[in-house]
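**Q** Just so you know, the sequences run in chain order A and B.
Heads up: the first sequence runs through residues 1 to 66, numbered per the numbering used here.
Heads up: the second sequence runs through residues 67 to 340, numbered per the numbering used here.
Take the hints with a grain of salt, since some may be wrong.
[Stated by the list, open to error] If you want the footprint, here are the derived chain B segments under chain A, 3+ residues with CB under 8 Å: (1) 118 to 124; (2) 182 to 192; (3) 211 to 223; (4) 229 to 235.
[Claimed, not checked] Within a straight-line C-alpha distance of at most 25 Å, the following computed DSS-like cross-link-like pairs (lysine-lysine) qualify: (5) B:215 - B:249; (6) B:95 - B:114; (7) B:233 - B:114; (8) B:114 - A:38; (9) B:147 - B:249; (10) B:289 - B:256; (11) A:38 - B:147; (12) B:316 - B:78; (13) A:38 - B:95.
If you're looking for bench data, these hints aren't it; they were derived computationally from the structure.
Every residue gets a Cβ at the ideal spot worked out from N, C-alpha and C, and that includes glycine.
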Amino acid sequence: MLLASLLLAATQTTAPARPDPMTLGPSAGQALPAFEAKDSTGTSRTFESLKGPNGLVLVFFRSADW
Amino acid sequence: MELESQLEGFRKRGLGVAALSYDSIEVLKDFASRRHITFPLLSDPESKVIRAYGLLNDIDYPVGNFAHGVPFPGTFVTDGKGVIQSKYFEKAYAERRTAASILALGGTLSGGAPTEFRNEQFILRTSVSNATVAPGHRVTLVLDLEMAKSLHAYAPGDHRYRPLTLKLDPNPLVTPHDLVRPKSEPYNFKPLNETVPVYTGRFRLLQDVTVAGPTREMQEALKAEAPSIELAGELSYQVCSETVCYAPAKVPVRWTLRLIPLDRERAPEASRKR
């Protein structure tokens, strides 16, 4: 722990602070937060309507437009 | 869309697939038809879901930017009850990639590694001491493990269990050093009256790598639009409790290091000597 923090302090560059990818969003072991969004046919969807019997792969992507 | 090509694999595993962006329904409809996408594309035009998940990228795209509202791209995989089993996030600087390559996340899902992985035996989180590296730098790849209660993993020693070992795929851009493991504790397994070195609870493995100097491969790597070093490997392990011994297994691990040329790494303009 100490070693890594020392390394961090010693070697960090001046780039803007970026979140560590592993700290983004909810963690493994937590429940996927409830959500509701319309699909491309305009139908409202939730986890329940999207999941398969063993779960859901939910991808967040940047944009389909650019 | 490569995710589409992976769809059958996910379906076989009983997983539903959906992808969400801040695009309008119309944009997604057009995209789905042009790319022959059959799984649901979800529209989050006000980035409500993106915000609620804490994924809004307001670093690259602050308020006022044409793309304000986009998320850090990533993927969650849940079980049937909605509990997140693993999540996959690219380093934020992969933002410069095109939409097409971000949609290639499907490739990450099959061949790559999560930044956080969980199974019945442990939680593994991977990180790196510095996200940005330059030729000649030495950086530390970090693997944080948290064993489930009453389970242990094995340290190297004179025994027949598979010890925790990290194997990095050879990469001409880095030279790995020895894996640094924490101090192990002796564990006495009564039925066999054997004492073996193990790890329990939370602990950390550190893997230093030295980034290559100005080799030919490095010159080539620096020519890329967004130069980076992709490091991949496998963590092999065996986990047991007092009563159960799981088979030896492996989990893929991966790190992305953003690569910058040495001469660009300077103090901020204001603090430079004149």
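**Q** Is the straight-line distance between the alpha-carbon of residue 316 of chain B and that of residue 78 of chain B 25 Å or less?
**A** holds (22 Å)
**Q** Sort out whether residue 38 of chain A lies within 25 Å of residue 114 of chain B, counting only the CA atoms.
**A** holds (12 Å)
**Q** What's the verdict on residue 95 of chain B and residue 114 of chain B, does the C-alpha distance respect the 25 Å limit or exceed it?
**A** holds (20 Å)
**Q** Test coverage of the stretch 118 to 124 of chain B by chain A using CB-CB distances below 8 Å; three residues minimum.
**A** Holds: 4 residues of the stretch 118 to 124 of chain B have a Cβ under 8 Å from chain A.
**Q** Is the Cα-Cα distance between residue 215 of chain B and residue 249 of chain B 25 Å or less?
**A** holds (19 Å)
**Q** Could you grab the alpha-carbon distance between residue 233 of chain B and residue 114 of chain B and see if it respects the 25 Å cut-off?
**A** Violated, at roughly 41 Å.
**Q** Examine the stretch 182 to 192 of chain B for residues whose CB is less than 8 Å from any CB of chain A, and state whether their number is three or more.
**A** Our answer is that it holds, as 6 residues pass the Cβ test (under 8 Å) against chain A, meeting three.
**Q** Need the status of pair residue 147 of chain B, residue 249 of chain B: alpha-carbon distance at most 25 Å?
**A** Given pair residue 147 of chain B, residue 249 of chain B is violated - Cα atoms ~38 Å apart, limit 25 Å.
**Q** When you check the alpha-carbon spacing of residue 38 of chain A and residue 147 of chain B, does it fall within 25 Å?
**A** Satisfied, since the Cα-Cα distance of roughly 21 Å is no more than 25 Å.
**Q** Holds or violated: residue 38 of chain A and residue 95 of chain B, Cα atoms, limit 25 Å.
**A** holds (11 Å)
**Q** When you check the alpha-carbon spacing of residue 289 of chain B and residue 256 of chain B, does it fall within 25 Å?
**A** violated (59 Å)
**Q** Taking a Cβ-Cβ distance under 8 Å as contact, does the stretch 229 to 235 of chain B have three or more residues in contact with chain A?
**A** violated (count 0)
Violated hints for the displayed structure, listed by number in ascending order: 3, 4, 7, 9, 10.
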